[in-house]
Amino acid sequence: MSEALSAADISRALTRISHEILEKNHGSSTITLLGIPTRGAHLAMRIAKIMGEIEGLQIPVGMLDITLYRDDLRLRPPRTIMPTTIPPVGIEGRELILIDDVLYSGRTIRAALDALGEVGRPKTVQLAVLVDRGHRELPIRADYVGKNLPTSREQSVSVHLSEIDGVDEVLIEGVEK
Amino acid sequence: MRHLLSIKDLTTSEAISILDTATELARINEGQVKKLPTLRGRTIVNLFAEDSTRTRISFEAAAKRLSADVINFSSKGSSLSKGESLKDTAQTLQAMGADAVVIRHSASGAAQRLADLEWMSGCVINAGDGTHEHPSQALLDAFTIRKHLGKGSKDLQGIRVAIVGDVLHSRVARSNVLLLSMLGADVVLVAPPTLLPVGVESWPVSISYDFDSVIPNVDVIMMLRVQQERMSDLFFPNSREYSRYFGLNSDRMAKMSPHGIVMHPGPMNRGLEIAADVADSARSVIVEQVKNGVNVRMAILYVLLAGGPLEVGVQS
Chain Z
1277 MSEALSAADI
1287 SRALTRISHE
1297 ILEKNHGSST
1307 ITLLGIPTRG
1317 AHLAMRIAKI
1327 MGEIEGLQIP
1337 VGMLDITLYR
1347 DDLRLRPPRT
1357 IMPTTIPPVG
1367 IEGRELILID
1377 DVLYSGRTIR
1387 AALDALGEVG
1397 RPKTVQLAVL
1407 VDRGHRELPI
1417 RADYVGKNLP
1427 TSREQSVSVH
1437 LSEIDGVDEV
1447 LIEGVEK
Chain P
166 MRHLLSIKDL
176 TTSEAISILD
186 TATELARINE
196 GQVKKLPTLR
206 GRTIVNLFAE
216 DSTRTRISFE
226 AAAKRLSADV
236 INFSSKGSSL
246 SKGESLKDTA
256 QTLQAMGADA
266 VVIRHSASGA
276 AQRLADLEWM
286 SGCVINAGDG
296 THEHPSQALL
306 DAFTIRKHLG
316 KGSKDLQGIR
326 VAIVGDVLHS
336 RVARSNVLLL
346 SMLGADVVLV
356 APPTLLPVGV
366 ESWPVSISYD
376 FDSVIPNVDV
386 IMMLRVQQER
396 MSDLFFPNSR
406 EYSRYFGLNS
416 DRMAKMSPHG
426 IVMHPGPMNR
436 GLEIAADVAD
446 SARSVIVEQV
456 KNGVNVRMAI
466 LYVLLAGGPL
476 EVGVQS
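Just so you know, the protein sequences line up as chains Z and P, in that order.
Position one of the first sequence corresponds to residue 1277 (my numbering), numbered consecutively onward.
Position one of the second sequence corresponds to residue 166 (my numbering), numbered consecutively onward.
Calculated directly from the structure, the hints in this document are not laboratory data.
Cβ atoms here follow ideal geometry from the backbone N, Cα and C, with glycine treated the same way.
One or more of the hints may lead you astray.
What the hints assert, rightly or not - The calculated DSSO-like cross-link candidates involving lysine-lysine, where the alpha carbons are at most 27 Å apart (straight line), are:
{"#": "1", "chain 1": "P", "residue 1": "K199", "chain 2": "P", "residue 2": "K319"}
{"#": "2", "chain 1": "Z", "residue 1": "K1399", "chain 2": "P", "residue 2": "K199"}
{"#": "3", "chain 1": "P", "residue 1": "K173", "chain 2": "P", "residue 2": "K316"}
{"#": "4", "chain 1": "P", "residue 1": "K319", "chain 2": "Z", "residue 2": "K1399"}
{"#": "5", "chain 1": "Z", "residue 1": "K1423", "chain 2": "Z", "residue 2": "K1300"}
{"#": "6", "chain 1": "Z", "residue 1": "K1423", "chain 2": "Z", "residue 2": "K1325"}
Said to hold, decoys possible - Here's a subset of chain Z near chain P, in silico, CB distances under 10 Å, partners left out:
{"#": "7", "residue": "T1343"}
{"#": "8", "residue": "L1344"}
{"#": "9", "residue": "R1350"}
{"#": "10", "residue": "R1352"}
{"#": "11", "residue": "P1354"}
{"#": "12", "residue": "G1396"}
{"#": "13", "residue": "T1400"}
As the list claims (entries may be wrong) - For each label pair, taking beta carbons as the anchor points, the in silico distance ranges come out as:
{"#": "14", "chain 1": "Z", "residue 1": "P1426", "chain 2": "P", "residue 2": "T177", "range": "41 to 47 Å"}
{"#": "15", "chain 1": "Z", "residue 1": "P1415", "chain 2": "P", "residue 2": "R205", "range": "19 to 25 Å"}
{"#": "16", "chain 1": "P", "residue 1": "T177", "chain 2": "Z", "residue 2": "I1330", "range": "44 to 50 Å"}
{"#": "17", "chain 1": "Z", "residue 1": "T1291", "chain 2": "P", "residue 2": "N237", "range": "55 to 61 Å"}
{"#": "18", "chain 1": "Z", "residue 1": "G1396", "chain 2": "P", "residue 2": "S371", "range": "49 to 55 Å"}
{"#": "19", "chain 1": "P", "residue 1": "N237", "chain 2": "Z", "residue 2": "P1415", "range": "15 to 21 Å"}
{"#": "20", "chain 1": "Z", "residue 1": "E1279", "chain 2": "P", "residue 2": "S367", "range": "42 to 48 Å"}
{"#": "21", "chain 1": "Z", "residue 1": "L1351", "chain 2": "P", "residue 2": "G248", "range": "39 to 45 Å"}
{"#": "22", "chain 1": "Z", "residue 1": "T1314", "chain 2": "P", "residue 2": "I372", "range": "43 to 49 Å"}
{"#": "23", "chain 1": "P", "residue 1": "E283", "chain 2": "Z", "residue 2": "I1416", "range": "49 to 55 Å"}
{"#": "24", "chain 1": "P", "residue 1": "K200", "chain 2": "Z", "residue 2": "R1355", "range": "16 to 22 Å"}
Go ahead and model the full structure; you've got the sequences and the hints to work with.
Right, here's the structure in full:
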């Protein structure tokens, strides 16, 4: 097990991603952030806080559970459904930023796009992830990446956040082959 | 968990997880989204060998909202009325590729038999078997109680529930006694001695024959239907006397604590066990129970059908 990102690394990556989102979208006036539970939702709150401090206003932030839209439900025991909260401004016509902790096969994001389609029609959908570990199975990429971590499929990447795990860190477990 | 035959199939944490899942699904159902793709391509058969309005429609709505294909069949209009056995019916369903069978039957243990004898590979959901159990009704009742009186807690610790009336013939009462006491509620049964089953002393409940003395001390009054169609004997002298001692009228309801709620699994005998003005009052959550039923049954279908078998390797 080795540490890929420390607490300070995570903090810097989130600050950079916040700036990149603001730069690309020319400010924050039309941005809505949606995190994918559980850790993506906490990352979304942190990014909203950082962006709010930069811009001096509240950034609409919510969370989007995608469990019911997964295509791999039958491959594993049933998962708990997490809450979905859409901020009052909604997503219609907004620049929507999806936020997740790890981008891997891309299937979570595919499911998220399906789930979004039921809620409304954003102007654009962009994707921010803390870690991109490769091995995509679908034509999906992230617009904002905290850290590219080349891994083998045998390894696993664990993101720990202080809100849930008491500590901020990203660990790689298993040996590289 | 492969089948839902009895509340005894559930652990406390599984029951709470179904209620939590239903809470999230309720939130989705209140929003714009009424259709989820989760069970697309799965076939659910509603096998109703006994009359039902709420339960059948509720399971059908739940399955359709999760995009499952639903086949309804009832004893009337099918070969069941020609005397086809449960086994032959089950094998027909198996041949048609049913992933789940929701069964309502007048014989206690029908669902258990369907599940045990492996006539079919799908999962079996008991939607009421004779006078035995009706687990999905108990789950929706617990969900309704938790929503109104749970104060944010996961279980029903300390909530006092009176189940009143024809306990003898009631599968709803049996399932509710098991589930509510498992979730920490204090249950009291109120009924004439003739309408209490043999062995009730061993249930995790207290028993009273005096409705009026119980009312001020409970948070929930759950009225049961007097099941005249199952009564082969005379269990009480006449319906007016029953109504006077064990019916819920507005005078009795006025003695409830201010936050108390009135429940009934339906169908109601208005004027017998419950007065019409009580059934339609602000304290009555009877219509809401039906609404919650869809969410709870969606949660049951999700837990039983959405996931794959446990032995399949996990990959992320």
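Taking the hints in turn, this is what the structure says about them:
Simply put, K199 (chain P) and K319 (chain P) have alpha-carbon atoms about 26 Å apart, close enough for the 27 Å limit, and the pair holds. Taken as a hint, the K1399 (chain Z) and K199 (chain P) pair is honoured in the structure, with Cα atoms around 23 Å apart against an allowance of 27 Å. Distance restraint check for K173 (chain P) and K316 (chain P): the Cα-Cα separation of roughly 26 Å lies within the 27 Å cut-off, and the hinted pair is therefore satisfied. Of the pairs offered as hints, the one joining K319 (chain P) and K1399 (chain Z) is violated, with about 39 Å between alpha carbons and a cut-off of 27 Å exceeded.
Pair hint K1423 (chain Z) plus K1300 (chain Z) holds up; C-alpha atoms about 19 Å apart against a cutoff of 27 Å. Taking the CA atoms of K1423 (chain Z) and K1325 (chain Z), the gap is near 20 Å; set against the 27 Å cutoff, the hint holds. The beta carbon of T1343 (chain Z) is positioned within 10 Å of a beta carbon in chain P (closest approach about 8 Å), and the interface hint is therefore held. Because the beta carbon of L1344 (chain Z) sits about 4 Å from the nearest beta carbon in chain P, less than 10 Å, this interface hint is met.
Because the closest C-beta pair between R1350 (chain Z) and chain P is about 4 Å apart, less than 10 Å, the hint holds. Taking 10 Å as the C-beta contact cut-off toward chain P, the hint placing R1352 (chain Z) at the interface holds, the least distance being around 5 Å. This hint holds: P1354 (chain Z) has a C-beta 3 Å from the nearest C-beta of chain P, less than the 10 Å allowed. Contact between G1396 (chain Z) and chain P, as hinted, is supported at the beta carbon level, the nearest pair being about 8 Å apart and thus within 10 Å.
Evaluation of the T1400 (chain Z) hint against chain P yields a violated restraint, the C-beta minimum of about 21 Å exceeding 10 Å. Range check, P1426 (chain Z) to T177 (chain P): Cβ separation about 44 Å, and the 41 to 47 Å hint holds. Roughly 22 Å separates the CB atoms of P1415 (chain Z) and R205 (chain P), a value that falls within the hinted 19 to 25 Å. For T177 (chain P) and I1330 (chain Z), the Cβ-Cβ distance of about 47 Å falls inside the hinted range of 44 to 50 Å, so the restraint holds.
The hinted range of 55 to 61 Å is satisfied by T1291 (chain Z) and N237 (chain P), whose Cβ atoms lie roughly 57 Å apart. Restraint check, G1396 (chain Z) to S371 (chain P): a C-beta distance of roughly 52 Å satisfies the suggested window 49 to 55 Å. Checked against the hint of 15 to 21 Å, the C-beta distance between N237 (chain P) and P1415 (chain Z) comes to roughly 41 Å, which is inconsistent with it. Distance hint check for E1279 (chain Z) and S367 (chain P): the Cβ-Cβ separation is about 57 Å, which falls outside the suggested range of 42 to 48 Å.
One distance hint, 39 to 45 Å for the beta-carbon pair L1351 (chain Z) and G248 (chain P), holds here, with the actual separation near 42 Å. Distance hint check: the CB atoms of T1314 (chain Z) and I372 (chain P) are about 45 Å apart, consistent with the given range 43 to 49 Å. E283 (chain P) and I1416 (chain Z) have their C-beta atoms about 42 Å apart, which leaves the hinted 49 to 55 Å range violated. As the Cβ distance of K200 (chain P) to R1355 (chain Z) is approximately 20 Å, the hint placing it in 16 to 22 Å holds.
The structure fails to meet hints 4, 13, 19, 20, 23 from the earlier list, while all remaining hints are met.
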